[in-house]
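Keeping their order, the protein sequence lines are chains V and R.
The first sequence begins at 1 in the working numbering and counts up by one.
The second sequence begins at 1 in the working numbering and counts up by one.
FYI, nobody ran anything at the bench for these hints, they're computed from the structure.
C-beta: ideal position from N, C-alpha, C; glycine also.
Among these hints, one or two may not hold up.
The list that follows gives simulated cross-link-like pairs (lysine-lysine, DSS-like), each with its CA atoms no further than 27 Å apart [claimed, not checked]:
1. R:Lys2 to R:Lys72
2. R:Lys18 to V:Lys272
3. V:Lys269 to R:Lys18
The following residues of chain R were derived to be distant from chain V, with all beta-carbon distances above 10 Å [unchecked claim]:
4. Ser5
5. Lys9
6. Cys27
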Amino acid sequence: MTGNQKIILTIFICYLLLNAVIGIAFSKKQNDTSKISSEKKFFIGGRNMNGLILAMTTMATYTSVSSFVSGPGAAGLTYGYAQVWIAAVQVPVTFLVLGVLGNKLALVSRRTGAVTVVGYLKARYKSDALVIVTSLLMVAFCTAQMIGQFSGGATLIESITGLNHVTSLLIFGTVVIVYTAFGGFTAVAITDTIQGIIMCIGTFLFLFFVIRAGGGLAGIDAGLQTNLPEVYDNLFSKYTPGSLLSFWVLVGFGTLGLPQTAVRAMGFKNTKSLHSAMWIGALTCSFVIVGMHLAGCWAGALVDTADLPTSDYFVPYIVQQIMPVGLAGIFLAAPMAAVMSTADSLLILAASAIIKDLWRNYVVKDDPKKIESYNKNMQAASTIMTIVFGVIVIVLTLDPPDIIFFLNLFAFGGLECTFLWPLIGGLFWKRGTKQGAVASAIGAVAAYIFCYYNVKVAGINAVIWGLLVGGILYFVVGYLTSKNGLDQDVIDNCF
Amino acid sequence: MKKLSKQEKHEQCIREIKGTLLVVALCCLWHVLTAFLLNGTGLYFLGMPAWFSVSVFGTIVLALVGVWYLLKFVFVDFEYDDEEEEES
Chain V
1 MTGNQKIILT
11 IFICYLLLNA
21 VIGIAFSKKQ
31 NDTSKISSEK
41 KFFIGGRNMN
51 GLILAMTTMA
61 TYTSVSSFVS
71 GPGAAGLTYG
81 YAQVWIAAVQ
91 VPVTFLVLGV
101 LGNKLALVSR
111 RTGAVTVVGY
121 LKARYKSDAL
131 VIVTSLLMVA
141 FCTAQMIGQF
151 SGGATLIESI
161 TGLNHVTSLL
171 IFGTVVIVYT
181 AFGGFTAVAI
191 TDTIQGIIMC
201 IGTFLFLFFV
211 IRAGGGLAGI
221 DAGLQTNLPE
231 VYDNLFSKYT
241 PGSLLSFWVL
251 VGFGTLGLPQ
261 TAVRAMGFKN
271 TKSLHSAMWI
281 GALTCSFVIV
291 GMHLAGCWAG
301 ALVDTADLPT
311 SDYFVPYIVQ
321 QIMPVGLAGI
331 FLAAPMAAVM
341 STADSLLILA
351 ASAIIKDLWR
361 NYVVKDDPKK
371 IESYNKNMQA
381 ASTIMTIVFG
391 VIVIVLTLDP
401 PDIIFFLNLF
411 AFGGLECTFL
421 WPLIGGLFWK
431 RGTKQGAVAS
441 AIGAVAAYIF
451 CYYNVKVAGI
461 NAVIWGLLVG
471 GILYFVVGYL
481 TSKNGLDQDV
491 IDNCF
Chain R
1 MKKLSKQEKH
11 EQCIREIKGT
21 LLVVALCCLW
31 HVLTAFLLNG
41 TGLYFLGMPA
51 WFSVSVFGTI
61 VLALVGVWYL
71 LKFVFVDFEY
81 DDEEEEES
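Chain R on its own, in the form it takes in the complex:
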């Protein structure tokens, strides 16, 4: 567990927020683009219309991989210690 200064905590929070928003934006893009582009093509995937299955299951996979990436490379463990002291 890292001990960060107040400024470092703020910067870390901003980094985490940017990373999270990026992952969700990618999920959004995949979800919308694949569905809109594949709709009406008549293609099938996994026994369902491809606009649905590629879009929805792809979004789930992307979200789970995205969370793994965020927790592995972006988020860090740090202490809330100074805040807890002040609060009590």
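Next comes chain V alone, as it looks inside the complex:
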């Protein structure tokens, strides 16, 4: 390990420890002062987020290793401006999710006492089958997405410090698991906020140094024409129109079905928090996502990077070429922040699915003694489950996939297919029934996986077919099975 790598590693470890300490400290402070149930504290942070925290945790959860490492790397190495164009689909995501789900989910979750997305589905549809199906699918897809995030975190540490993959993975995994397990949702939200701010600083640094190294836009333009001659001025050189339009569903409208962002709509304080979060989220999301991809694309003009194993190594490599070592360490905390903020949210989501949605509903049930024991031990059980789950993900990540970008997108699409129609339809369509919701979740995921491997039409992403099948099933089955109408308490609580 060189002297520069030691400096960067030291900055990294300080940053990781800072996150763990702040997250746990804030969580402990809330536990000491707040009188609400430990379940609500651990899974939803006591519905206490202000606008800044809500915006940052939503943006930081959404922006992941793909936004900071894989996507900008792919833009610089292969796809050029077309990749930045795709990234720009995500500009409205934060205010889309908060504007559509925010108030409605806030109201319904308070009425029903739901602290998880599956908890809301249980209150809305009163279906054990739906709870079990969505919980299991959530755990499966969250695991796949977490493998992508953990792998991204390890790759980042590995590529800038020279440590081997396993050691890098253990450093990253241990910190994320510790603060998520012991701090719960509050730790996740607070660290997401720090990480969101670090991401903004990192994006600014990356843009500044890329422009400086490229000699301004004119120099970058000339470099791109040389290094990426075929893709430089052609949106359709690598992507078909169908695949480009698919991104407006996959990372645009479809994000309404992501449980890790939807659950944020259950955790804020009031409408003022929501409104502040909408504009803060729109600004930061635009700057971070477009800024990082644009800088990544421009960085493609600077050097010949043909020797890199995959595009995931591009950003760490280029940063070490163009930034002073101290700033490189600070910048590289930004992609680490993006990875951590997504990984911690997925981790707590998976733990909540097992403890709250499955264990509480089907093992504890209505037995008073078991309920008392559950209430007493819920936090400890959630902590243990988070640790166990995190360790499983670390083991699965020991032999990582080559391209994190695609694993992440696959799991992303799977979560959208599972949740989009039961969640959105349930909030706004009174004829949505449990039969329709179960059929939609299973049918959409089955169609998605089948089409992912077997159907290649005009480059259209499989998530389109999955959501199409899910939507048809939800509305047709709902229409056919809603003759008797919904229970009165469902109408009272959910509409």
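Got chain V sorted already, so can you dock chain R onto it with the hints?
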């Protein structure tokens, strides 16, 4: 902060959702149409291919103006009070 009845809250939520979806749909239309139409024209804007810069920076401007419009004219502050009472 307005005090709304349950039905008024539901109607307000629907209004906000329609407004949000409309703004995002406009962003989507601008993003896709400008890029697809300007691609291959050889035009430049801000030192970059126009299909890219007009589409992407226009989408950002449209999104920010859209959020300003939504918060100014569509979204309102109201209390979740009855829900909080029931919950505790």
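Taking the hints in turn, this is what the structure says about them:
1. Annotation: proposed proximity of Lys2 (chain R) to Lys72 (chain R) holds, straight-line Cα distance about 15 Å (limit 27 Å).
2. The straight-line distance between the Cα atoms of Lys18 (chain R) and Lys272 (chain V) is roughly 19 Å, inside the 27 Å bound, and the hint therefore holds.
3. Between Lys269 (chain V) and Lys18 (chain R) the alpha-carbon distance is near 23 Å, which keeps this suggested pair within the 27 Å criterion.
4. Consistency note on Ser5 (chain R): stated as away from chain V, and its beta-carbon is indeed over 10 Å from all of that chain's, at 12 Å minimum.
5. In this structure Lys9 (chain R) is not separated from chain V by more than 10 Å, as the shortest Cβ-Cβ distance comes to only about 6 Å.
6. The non-interface label for Cys27 (chain R) is inconsistent with chain V: the shortest C-beta to C-beta separation is roughly 5 Å, within 10 Å.
The structure fails hints 5, 6 (numbered hints given earlier, in ascending order).
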